[in-house]
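Undergrad: Numbering (the numbering used here), first residue to last: 1 to 226.
Treat the hints with care, as some may be off.
Said to hold, decoys possible - Derived pair list, reagent style SDA-like, types lysine to any residue, alpha-carbon separation capped at 25 Å:
no. : residue 1 : residue 2
1   : Lys202    : Met93
2   : Lys74     : Ile59
3   : Lys74     : Leu87
4   : Lys14     : Lys202
5   : Lys74     : Ser115
6   : Lys74     : Lys202
7   : Lys142    : Ile4
8   : Lys142    : Leu79
9   : Lys74     : Asn154
10  : Lys14     : Pro36
11  : Lys74     : Leu20
12  : Lys14     : Asn154
13  : Lys29     : Lys202
14  : Lys74     : Leu11
15  : Lys14     : Asn73
16  : Lys142    : Ala104
17  : Lys29     : Arg54
18  : Lys14     : Ile126
19  : Lys142    : Ile166
20  : Lys142    : Ser38
21  : Lys142    : Thr5
22  : Lys74     : Asn58
23  : Lys14     : Val25
24  : Lys202    : Ala104
Said to hold, decoys possible - Pair by pair, the computed Cβ-Cβ distance ranges are:
no. : residue 1 : residue 2 : range
25  : Val122    : Asn46     : 33 to 41 Å
26  : Ala16     : Leu83     : 43 to 51 Å
27  : Ser125    : Gln64     : 23 to 31 Å
28  : Ile210    : Ser115    : 36 to 44 Å
29  : Pro108    : Ile166    : 13 to 21 Å
30  : Ser209    : Arg181    : 41 to 49 Å
31  : Ser115    : Lys142    : 19 to 27 Å
32  : Val122    : Val25     : 42 to 50 Å
Bear in mind the hints are in silico, worked out from the structure with no lab data behind them. Where is the CB? At the ideal position from N, CA and C, for every residue including glycine.
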Amino acid sequence: MICITVSWLVLGCKFAPEELELSQVTLLKFLYLYDPQSCGRLYLYNITNVSDDRVQGNIVWPLQNSVAASFRNKIQIWLVLHLLWLLFAIINMTQGERSCSFYATLLPFTLIGLSLLVVDVVFASIFITEATHTGSEGAILKYMSQTGHLRAINERPLAPRRKKPIDTSWMALLLAFMSLRGIVQWIVNFWIVQDNYVEGVKRYRYQQSILGPKAKSPNDFLLNDV
1 MICITVSWLV LGCKFAPEEL ELSQVTLLKF LYLYDPQSCG RLYLYNITNV
51 SDDRVQGNIV WPLQNSVAAS FRNKIQIWLV LHLLWLLFAI INMTQGERSC
101 SFYATLLPFT LIGLSLLVVD VVFASIFITE ATHTGSEGAI LKYMSQTGHL
151 RAINERPLAP RRKKPIDTSW MALLLAFMSL RGIVQWIVNF WIVQDNYVEG
201 VKRYRYQQSI LGPKAKSPND FLLNDV
């Protein structure tokens with residue numbers, strides 16, 4: 001449900017930059033959470049250049065943001081896989097007394113869980129790689145301007161100069177950490193599958209012991225148990 005909620009907020013453009021929020025939060029939204037082209041509205045970001053005891057202001061705005069657009073695509077993949085996983089989980093839970101339907105949903109439930117794990121690991125590696133390009137405010141603006149869609153009132157210098165720039169690499173690392181929570185989810189998923197499978201085998205063996213030497217094959221048992 002957390003993934004579905006976050007997906008709805010991102011895809012619904014609910015993470016629009018606000019005036020009184022911290023600059024790091026605004027940068028996070030500019031970099032990942034808000035795509036101006038998809039959301040249909042531009043927002044301005046005010047930066048300050050400090051050089052030789054001189055303070056100069058600058059205003060930038062992205063016409064397009066390939067990083068945020070790529071993140072929206074990742075969110076859509078996440079959302080589809082989580083909805084499918086949730087659907088088969090519900091079906092699996094409601095088919096406990098119907099062996100054929102139960103095992104028919106068990107395989108796609110497991111495969112989708114494995115797909116979620118692979119996707120999360122791939123996305124986490126991408127975010128970790130991006131952390132090397134987003135270590136400061138200036139690095140983020142430079143990273144966003146690589147496609148040529150970042151506009152500024154004063155084109156140079158675009159990136160702010162500070163003696164001790166604020167570390168912003170935590171943004172990409174935070175998303176990488178959130179992606180890796182799929183490992184925990186897969187452990188829970190595997191435990192559910194193993195538990196359901198073991199219980200199904202026990203139930204079949206119990207029925208087989210009742211039927212005696214004329215017990216039917218597992219396939220016949222499953223067909224008659226529907």
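Undergrad: Checked against the structure, which of the hints given earlier come out wrong?
TA: 2, 4, 6, 7, 8, 9, 11, 12, 13, 16, 17, 21, 22, 26, 29, 31, 32
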